[in-house]
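Spelled out from the first residue to the last, the chains are:
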Amino acid sequence: MDHISPVLWQFLQKWLTHFALFPPEASKIAPEMDALYFFMALVSLVGLVIVVLLIVSFSILYSKKRHPKAVQIEGSTILEATWTIIPLGLFLIMFVWGALLYFRIYTPPANAMNIYVVGKQWMWKAEHPGGQHEINALHVPVGRPIQLTLISQDVFHSFSIPAFRVKREAIPGRYTTVWFEATTPGTYHLFCTQYCGTNHSQMIGDVVVMTPDDFKKWLEGSTSGNSLAQDGERLFTSLSCSSCHNTRPDARGPSLANVYDSRLTLSTGETITADDAYLRQAILNPSQHITQGYAPIMPTYQGQVSEEGVIALVEYIKNLDSDYRVQQTLNTTDLVPESPAGKAATPGKAPAAQKEVKP
Amino acid sequence: MSAATIVSLPDQSTARIPKMNFLTKENGLLSWLLTGDHKRIATLYLISITFFFFIGGSLAGLIRLELLTPQTSLMAADTYNKVFTMHGVIMVFLFLVPSVPATIGNFVIPMMVGAKDLALPKVNLLSWYLYIIAGFMVIYTMAAGGVDTGWTFTSPLSTHYLNTHVISTGLAIFVAGFSSIFTGLNFIVTIHKMRCPGMTWFRLPLFVWANYAASILMVLGTPVLAITLVLVVLERTVHIGVFDPAYGGDPILFQHLFWFYSHPAVYIMILPGMGVISEVISTFSRKRVFGYTAVAFSSVAIAVFGFFVWAHHMFIMGISNYAALVFSLLTMLVAVPSAIKIFNWAFTLYKGSITFETPMLYAFGFMGLFTIGGMTGVFLGSTGTDIHLTETYFIVAHFHFVMVGGMLMAFLSGIHFWWPKWTGRMYPEKISQFAAVVTFIGFNFTFFPQFILGTLGMPRRYAAYPPEFQALNVFSTAGATILGVGYLLPVLYLTWSLKYGAIAGNNPWQATGLEWQTQSPPLTENFLETPIMDHEAYDYEWLEQQQQKEVASVG
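Protein chains in written order, with the working numbering: chain A, 3 to 361; chain B, 105 to 659.
Some hints here could point you the wrong way.
[Said to hold, decoys possible] Computed footprint of chain A on chain B, listed as stretches where at least three residues anywhere in the stretch have a Cβ under 8 Å from a Cβ of chain A:
1) 346-360
2) 391-404
3) 430-438
4) 458-468
5) 476-487
6) 528-539
7) 569-582
[To be verified] Below 35 Å or equal to it, Euclidean Cα-Cα: the simulated DSBU-like pairs (lysine-lysine) are:
8) B:K297 x A:K67
9) B:K455 x A:K67
10) A:K67 x B:K534
11) A:K71 x B:K129
12) A:K71 x B:K455
13) B:K297 x B:K220
14) B:K220 x A:K67
[Said to hold, decoys possible] Pair ranges (Cβ atoms, derived):
15) A:F21 x B:D182: 42 to 48 Å
16) A:S240 x B:S424: 33 to 39 Å
17) A:P298 x B:V404: 49 to 55 Å
18) A:A37 x B:V227: 49 to 55 Å
19) A:V48 x B:L172: 31 to 37 Å
No lab work stands behind these hints: they were computed from the structure.
As the structure is a prediction and not an experimental result, all values here were calculated from the model.
Yeah, the Cβ is synthetic: ideal placement off N, Cα and C, and Gly gets one too.
Work out the full structure: start from the sequences and follow the hints.
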């Protein structure tokens, strides 16, 4: 082997030991998608073999040497119908099979644990409900459906985990979702697959799949002290959202308790479901999303809150099942006006409200 | 196999290139730059697209070199991004779109329909000038520092986040778009209005049908691209807020508009190539194309369905699940006419009398590679598998199989096929057969590993990648080297043949098309007198009778 250059030798060695040919199957959907993949590969192979066989055998049988005079044939309706209908049938099978998978991958189950993911040039930021933040990494437990709600802060990105066979575009200005259920603990690639500028190829990370126990430990070890909803609550107060959305009878904004997933009638007469996307829009573009009966006075928060901030707010509102906490924060803000300056700002109103709050 | 050839050349000791032909009629640079002759304009196109092909090809070489190692070792990520963007822009808009139609189509379509020229010769020349302006703008962009949007110009990256030369590139493509709109328009008018007496629609060679279908796509699709690019420019300069969500725009709208052109554009690129294959397969198996009507209508079907499948580029982009369903179904339907064509060509060989000259070898290569390219397209058209495979090297491999394995093979097949008509001289057969085989091998070596890379999940447009993907990338780069040789050879021997090739005579292939019934190279007016079409297309018996008549009258 001494006549092989060391560089080549090293390469060959590396190649023989690290030669990936097929990605690991680490999610519930992966084997199912691979079944369709191999079915298609088989059909393609058979199709290719047929075409090659036809070309080769006709080339041999009817070469000019063997078959000096061509026989003119117009065509054959039966043959042509055959190679119209058989491919069509096969394509339709692939279509239905593929669509079934597609609907599963993009329809998260109701009990899925939601993790928010924000894409930005050039990193992935994951926000766990417990307040764990991760950059270019995603820790998930096995055996539990995980829903990802994705959004981009700037350009298109695409969140791809080949080992799970899932991928979803992270789009500026709207939420997209995807879900998976990991089956095998391990570390897998996480890629941005939509070209997003200079460091597109650095926008990669690891998906770490852990046993439920390890995951629990990880959650405990990586908490930032506040849950995502608590972060949201803090923002809710600091952005003075509670000065209008405060549940008082004379409140200028509607109460947000249990608003998530409810049917709302807008000032335009339209009824919509208040989902994540609606809540986000209502924060950033409020004039287009006024609940019936309220004046269009809410200012836009576009540019004042980052996508992570909006996510925290959305998460907070999602978990708001009573007005109790809002009132609590109201109480704490109302403690401030005890100082003379604050009193002047909200003359008379706040103390009155305070009395109403708790019977 | 040497005896088994249909090539019949005139006696080389007495044969001469006709003194009067379109190449010699006028001399001087101006006579070329101001010409209205479709054959001269086709020649100008041939030279210019070959030039851009080699620029685009060198960029491809740089991409493959960079990907030899997992790190960014040859160039910085920004440079890499510019290189693949320019490769895409040049290859798509300055090579593939005009390759067969503006070059071969321009040269043979008027002759095939028995006309003196295209319907609008000056517009034809204008097309070429627009193409050249676009070409200069692209070269300017490269010289000024390049652009790194990717050829897909995804907004808001292209509109708000990059400060490279997006505007000059966008405008270049805008101009190139008009070049192809005018070419398409010219073909449509010519095919409708300039057919010679007796040339009914169903006597047209299938090459004309394929170009007609592609022309309709050019005329209807390209304006949408033009609009999109203007919107990108306006978004960049005056922030009109059509695509930017911060101004109430919708970036998905950009995707819809862009792919509304760019998917049909795939058919603009491949349909004329399919036309070439029909001509070549028929000629070298001495048989009428099996199921002429089916092949003709499959072109039209591709053109029609081709307009309604664009959102299959957006399955993972948050379009509604039901929209994805509809577009997936339509994508499956558009795959069927391509399957029909492949089988019809294969059965054209049945009971033929086949010879294996270079154009035929390229055509066989086309059929094999296009079958793979087409079938892998179904992987991507099926919504479920698309989720995993899209935006990876699988898609890169897929469209290179269709565009390079398919279209470029077809282009080379056509160039070799019509070369004797174009120049009056034969190309050297042995070395060109060798080049065809080298291209085929090099191609598979380059692009087949990319299917595996894509299945593994390697994203496209990555300057650096995880080390376990290296082995396959090394294969791919090695293959690209072979492929490069395969593309350089024809340039060398075709240039050589301009002076030293054997005199071809009128009809070296014994082909039936009207273009073969006139001298090579043709007169500026194509025919001495307006031909009358009194037989079906690909009627080899008619050709034989014709030749016997000639022998009888001379003898």
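A quick look at each hint next to the structure:
1. As drawn, the region 346-360 of chain B meets chain A at 6 residues by the rule of a beta-carbon pair under 8 Å; at three or more, the given contact holds.
2. Here the region 391-404 of chain B counts 7 residues with a CB under 8 Å from a CB of chain A, which clears the bar of 3, and the coverage holds.
3. Judged by the Cβ-Cβ criterion of 8 Å, the region 430-438 of chain B is covered by chain A as claimed, because 4 of its residues qualify and three suffice.
4. Counting residues of the region 458-468 of chain B whose CB falls under 8 Å from any CB of chain A gives 4; the rule of at least 3 is met.
5. Counting residues of the region 476-487 of chain B whose CB lies closer than 8 Å to any CB of chain A gives 8, so the stated coverage by that chain holds, three being the minimum.
6. Proximity of the region 528-539 of chain B to chain A, defined as three or more residues with a beta carbon under 8 Å from a beta carbon of that chain, is not established by the 0 residues found.
7. Under the rule that three or more residues need a Cβ within less than 8 Å of chain A, the assignment of the region 569-582 of chain B holds, with 8 such residues.
8. Under the criterion of a C-alpha separation no larger than 35 Å, the hint pairing K297 (chain B) with K67 (chain A) is inconsistent with the structure, at around 43 Å.
9. Taken as a hint, the K455 (chain B) and K67 (chain A) pair is honoured in the structure, with Cα atoms around 12 Å apart against an allowance of 35 Å.
10. Between K67 (chain A) and K534 (chain B) the CA atoms are separated by roughly 19 Å; this keeps the pair inside 35 Å, and the hint holds.
11. The suggested pairing of K71 (chain A) with K129 (chain B) is violated, with an alpha-carbon distance near 40 Å, which exceeds 35 Å.
12. The hinted pair formed by K71 (chain A) and K455 (chain B) meets the criterion: a straight-line CA distance of about 8 Å does not exceed 35 Å.
13. Taking the CA atoms of K297 (chain B) and K220 (chain B), the gap is near 12 Å; set against the 35 Å cutoff, the hint holds.
14. For the given pair, K220 (chain B) sits about 39 Å from K67 (chain A) by alpha-carbon distance, which is inconsistent with the 35 Å threshold.
15. Separated by about 31 Å at the C-beta atoms, F21 (chain A) and D182 (chain B) break the suggested range of 42 to 48 Å.
16. Distance hint for S240 (chain A) and S424 (chain B): a CB-CB separation of about 37 Å, consistent with the stated range 33 to 39 Å.
17. The supplied range of 49 to 55 Å is met by P298 (chain A) and V404 (chain B), whose beta-carbon atoms lie about 53 Å from each other.
18. For A37 (chain A) and V227 (chain B), the Cβ-Cβ distance of about 54 Å falls inside the hinted range of 49 to 55 Å, so the restraint holds.
19. Checking the proposed 31 to 37 Å range against V48 (chain A) and L172 (chain B) shows it holds: the Cβ atoms sit about 35 Å from each other.
This entry does not satisfy hints 6, 8, 11, 14 and 15, going by the numbered hints stated previously.
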